[in-house]
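The residues making up each chain are set out below.
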Amino acid sequence: MNVIETAGLGKCYGKSWALRDCTLTVPEGSLAALVGPNGAGKSTLMNMAVGLTLPTAGTATVLGGQVIRSPAALNDIAFMAQDAPVYKSLSVADMLHLTRNLNRRFDADTARARLADLGIPLKKKTGKLSGGQQAQVALTVALARRPRLLILDEPLSALDPLARQDFLATVMTAMADDGVSVLLSSHALAELERVADYLVVLGGGELRLAGAVDDLLAEHRVLTGPAAGTDQFAAQLSAVQVKRAGAQAHLLVRDGGPGRTVPPGWESHPVGLEELVLAYLRPAGGGTPSATAAGSRTELTEVPR
Amino acid sequence: MSGLTRPAQPGRDAGPALRPVPWPRMIWVTWRQHRGVLVSVAAVLAAVSVFLLVAGLKVHHDDTALINCHPANSQACAARNSSFNNADWTMGNTVLILMNLAPALLGAFTGPTVLARELETGTFRYAWTQGIGRVRWTIAKLTLLAVVLTILAGAFSQLFAWFFDPFLGFEGMNVLAATVFDTRGIDFAAWTLVAFAAGAFLGMLTRRIIPAMAATLGAYLGLTLLAWLVLREDYPVALDTTNGNLFSGQNTPNSPWILKTWTVGNTDWWRFIPVSRFWPMQFIESGWLLLLAIALGAGTVWLVRRRAA
Amino acid sequence: MTIDKQNSPIEFRLDPSSGVPTYLQLVQQVEHALRLGYLQPGDQLPKVRDVVAALTINPNTVLKAYKELETKGLAAGRPGQGTFVQATLSQVTLPELSGLRRSMLGWLSSAEEAGLDEDGIVALFTSVMREFFKSRGAAAGQSGDGETEGVA
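Protein chains in written order, with this note's numbering: chain A, 108 to 412; chain B, 1067 to 1375; chain C, 4 to 155.
To be clear, the hints were calculated from the coordinates, so they are not data collected in a lab. A few of these clues could be false.
To be verified - Derived list of chain A stretches under chain B, where covered just means 3 residues or more per stretch with a C-beta under 8 Å from a C-beta of chain B:
#: 1; region: 184-194
#: 2; region: 203-216
#: 3; region: 220-233
#: 4; region: 263-271
If you're wondering where the values come from, they're calculated on a predicted model, not measured in any experiment. In this text, a Cβ means the ideal position worked out from N, Cα and C, and glycines have one as well.
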């Protein structure tokens, strides 16, 4: 089952498209990292997935074809917006009680235990907690609903490194305990590398790349060789990105699968996740690699070394 | 990832038809989120009620003393009369004016807190993604708050009516007078209800608390003037008569309200509303105010449903 | 609900700079523990939940590692209980290990005398080791991607 499925999804504000022609499927049981620079359309995509924004174009469904904002979707999806909105004048205990009253399903015991483990006092007003603690409260009430899908919009950006660790540990533990699927966005990939097993890269309102991390890493590789032979091989091997210096060039190619060969005189290296994401994000104008057509020929781009 | 064993998920509803979150859950939610506002309103009304009680007792006492003052032409009685006309009346008139502003203030203070506050602080991103859904959430909040406010306002206006009774007849005011009519019977409650509904609706339109408050006050003013200057005259309770004797005599609490006069041939006609039509007028006005409040509520829900932030 | 104390004799740790995929590190640590006798058949491997809470990694990664161990026949999952060690790897006894260490030190002295520095020794060792294992098990189930290399 796909927890999120979109087809040609787009959102237009006035004359500019915050997200355009986005077609993707996020599988169940994974932690999908939604990465891209600020303004890439991550929040827009997430807001549409939870029904806070209506699409201008295209369609989207959740949890195996459920309509967004239907009772089934609302019941099984928990959303945590950027800056972890909680009611600042309410105590932590009040937030628990509030969430319990607004939902069919609520596991208060686990929530209280989690908060106790984190050392967050129940009587304190949430507005008086630190940023990291507020985020944990928001996450705890979201998880206490036992959702099947947890959507987190840039949850880590305002947190210090220790708070980030704690936050991710809570999310991971929930995945292990309850099998919840997670969609988590960030403009910093490094912190997600260890936890993401599905990747969605957005840039400039477009979907640049999407797939399981293991598959993407297996399908891509960097070929290093003499600059002279670059054009020939780039065309043959459907290069995603070309970096060229005087005598040497690196080609990032997507030609995964067994039986692929290395051209004589060239070396093959595996590609790291961050390198891969940057390569797909970099070309803004012409030569944008198409994420949906695997192995399509693209224009060459030169990146000054 | 296919083919891997995942931990069992106990306690998860796999039921086909999901029962919606029951309405009574929203009682605690509404109370807890609007506790501050409701308690403030209740406290203010309570404080003013105490004042009305104390002042009202004095006013009633002075009035009775004046009525029972014999002989009516004596210095002492004249002095009483003068005192009542000045001190008591000034105070009474002031309170009357404030009473006319009250529904606007109540509505502006309470209405925007339902939606504009959520939109402004961003907490709607939490509230509208909960299992209960935004429509139920909105309907429940609007209804619960409207009921509480209306009851409080209704009770309060009864106390005020009692307070103001001795002043009926002053400056030609009877119960049908523009500023007095609003403050008695069920009208005050109805105006408060409309002000609240307008506050909530405008809060959803403007998405900001302060602009919503200002807009509510403005809208309320416009609506009140409309009622006073235009609508009330057209309520189907007026009578036409050629009998001029009905209008002789000084202004008393029982004097009818003359709408207009005209002449046909040699006969003078008067259009008027007798005081006895007070309650039919109250029901007519409260009726359309209630409908308006419901329409505003429906409009608010429609905006909530349709508008994505 | 408190986090259960580890029922497993071993605990994982990650080396983020090693370049080895996380799941493979876990597999290797289990194999290492088996060789050194830290794990015996019947012992329980750390619960997925505990690993995830301690290391902040994706539970699917742990599951993948455990599945790999199942495929290799080293471990087996029991539904509702966890994953348990099933077989053992030929253990190298302590005297054997000491013997191997000594012969390695001898070789290292020779390499140093020949003029190799640390990086050179590592490069030589790595390439010879790769050749050695390639010639042994160039077939299925390896983590390589099956490329054939041209002449470098």
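- State the violated hints by number, sorted upward, taking the hints as numbered earlier in the document. 3 and 4
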